[in-house]
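Colleague: Model the full assembly from the supplied sequences, consistent with the hints where possible.
Number of protein chains: 2
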Amino acid sequence: MPVSDPIADLLTRIRNANSANHDSLEVSASNVKIEITKILLDEGYIKSYEVVQQPVQNKIKITLKYGARNREKVITDLKRISKPGLRIYRSHDNLPTVLRGLGIAIVTTSQGVMTAKRAKKLGIGGEVIAHVW
Amino acid sequence: MPVSDPIADLLTRIRNANSANHDSLEVSASNVKIEITKILLDEGYIKSYEVVQQPVQNKIKITLKYGARNREKVITDLKRISKPGLRIYRSHDNLPTVLRGLGIAIVTTSQGVMTAKRAKKLGIGGEVIAHVW
Chain A
1 MPVSDPIADL LTRIRNANSA NHDSLEVSAS NVKIEITKIL LDEGYIKSYE VVQQPVQNKI
61 KITLKYGARN REKVITDLKR ISKPGLRIYR SHDNLPTVLR GLGIAIVTTS QGVMTAKRAK
121 KLGIGGEVIA HVW
Chain B
134 MPVSDPIADL LTRIRNANSA NHDSLEVSAS NVKIEITKIL LDEGYIKSYE VVQQPVQNKI
194 KITLKYGARN REKVITDLKR ISKPGLRIYR SHDNLPTVLR GLGIAIVTTS QGVMTAKRAK
254 KLGIGGEVIA HVW
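As they're listed, the protein sequences go chains A and B. According to the working numbering, the residues represented by the first sequence are 1 to 133, in order. According to the working numbering, the residues represented by the second sequence are 134 to 266, in order.
A few of these clues could be false.
Stated by the list, open to error - Restraint ranges, calculated between C-beta atoms of paired labels, are given here:
1. B/Tyr199 with A/Gly112: 29 to 35 Å
2. B/Val189 with A/Arg69: 18 to 24 Å
3. A/Gln54 with B/Leu235: 20 to 26 Å
4. B/Gly218 with A/Asp77: 45 to 51 Å
5. A/Ser30 with B/Gln187: 25 to 31 Å
6. B/Glu176 with A/Asp77: 32 to 38 Å
7. A/Asn70 with B/Leu219: 50 to 56 Å
8. A/Arg69 with B/Gly218: 48 to 54 Å
What the hints assert, rightly or not - In silico DSSO-like pairs for lysine-lysine, Cα to Cα no more than 30 Å straight-line:
9. B/Lys253 with A/Lys59
10. A/Lys59 with B/Lys180
11. A/Lys59 with B/Lys198
12. B/Lys206 with A/Lys59
13. B/Lys192 with A/Lys65
14. B/Lys192 with A/Lys117
15. B/Lys180 with A/Lys65
16. B/Lys198 with A/Lys47
17. B/Lys194 with A/Lys59
18. B/Lys192 with A/Lys120
19. A/Lys61 with B/Lys194
20. B/Lys206 with A/Lys61
21. B/Lys194 with A/Lys65
22. A/Lys59 with B/Lys192
23. B/Lys194 with A/Lys73
These are computed hints drawn from the structure, not numbers from a lab. Every residue, glycine too, gets a C-beta built ideally from N, C-alpha and C.
Modeller: The following block contains the structure:
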């Protein structure tokens, strides 16, 4: 069955795997899901991701990150902001900050998927797809 | 020692690993190297790639693809076209084809790294970074 909101599905699978202390999870791949995953890696929220060619649809394997000592969670939560039924757009001077900069907002812009911090620096707005903290 | 042409280095490492029939190889990660690797996956030249967070510089692990029967090579060769000392740019109506469409040309455009085929479709030119066949 096709997923109605593949980005929400990605965030939910990461949230569930993280809650259950799993080492990794797999989702079907798409360009926007790979870009979001890459941002999670660049921002230090996950340990690695792998994109694997598959006959029908490629998949992404995401390896989660936990603290070295007591396996503390690195991701507290991920929240879908813009939704297919209610799109949320923000101009560059109105982009959100998450927990006063402790979290990140992920934005789709004309120049690709990036953090709100980077979009502000570039002076471009976009669709606020998720918050991660 | 920093590599003077990281893209040439990526292509050389893939070429060498492929010649030696290795299953996989690792290179230091950068955005452009990840984008080139993603195109190699999308175009069916490699089996998978993994981006792993590292203390200093992230790394990419590339898993090569060989034929199922006799481990035939999927990649014949990769060639650097534009070079730091001699940049090669092409307008959209002058983009190269490789082996009459059996290979691909990889182009950096204002809209990201993509195949020459896609750039032509979008009507944009760019820097021809490599040929793969």
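Colleague: Evaluate each hint against the coordinates.
Modeller: Here is how each hint holds up against the structure:
1. B/Tyr199 with A/Gly112: 29 to 35 Å: holds, 33 Å
2. B/Val189 with A/Arg69: 18 to 24 Å: holds, 22 Å
3. A/Gln54 with B/Leu235: 20 to 26 Å: holds, 23 Å
4. B/Gly218 with A/Asp77: 45 to 51 Å: holds, 49 Å
5. A/Ser30 with B/Gln187: 25 to 31 Å: holds, 26 Å
6. B/Glu176 with A/Asp77: 32 to 38 Å: Between B/Glu176 and A/Asp77, where Cβ atoms are some 37 Å apart, the hint holds.
7. A/Asn70 with B/Leu219: 50 to 56 Å: holds, 54 Å
8. A/Arg69 with B/Gly218: 48 to 54 Å: holds, 49 Å
9. B/Lys253 with A/Lys59: holds, 28 Å
10. A/Lys59 with B/Lys180: Given that 30 Å is the threshold and the Cα spacing comes to 11 Å, the pair holds.
11. A/Lys59 with B/Lys198: holds, 16 Å
12. B/Lys206 with A/Lys59: holds, 23 Å
13. B/Lys192 with A/Lys65: holds, 16 Å
14. B/Lys192 with A/Lys117: With a Cα-Cα distance of about 24 Å, the restraint between B/Lys192 and A/Lys117 holds, given a limit of 30 Å.
15. B/Lys180 with A/Lys65: At roughly 25 Å apart (the allowed maximum being 30 Å), A/Lys65 and B/Lys180 satisfy the hint.
16. B/Lys198 with A/Lys47: holds, 25 Å
17. B/Lys194 with A/Lys59: holds, 16 Å
18. B/Lys192 with A/Lys120: Measuring from Cα to Cα gives roughly 28 Å; hence the hint holds.
19. A/Lys61 with B/Lys194: Measuring from Cα to Cα gives roughly 13 Å; hence the hint holds.
20. B/Lys206 with A/Lys61: This hinted pair holds, its Cα atoms lying about 26 Å apart.
21. B/Lys194 with A/Lys65: Given pair B/Lys194, A/Lys65 holds - Cα atoms ~18 Å apart, limit 30 Å.
22. A/Lys59 with B/Lys192: With a Cα-Cα distance of about 19 Å, the restraint between A/Lys59 and B/Lys192 holds, given a limit of 30 Å.
23. B/Lys194 with A/Lys73: Holds, at about 26 Å.
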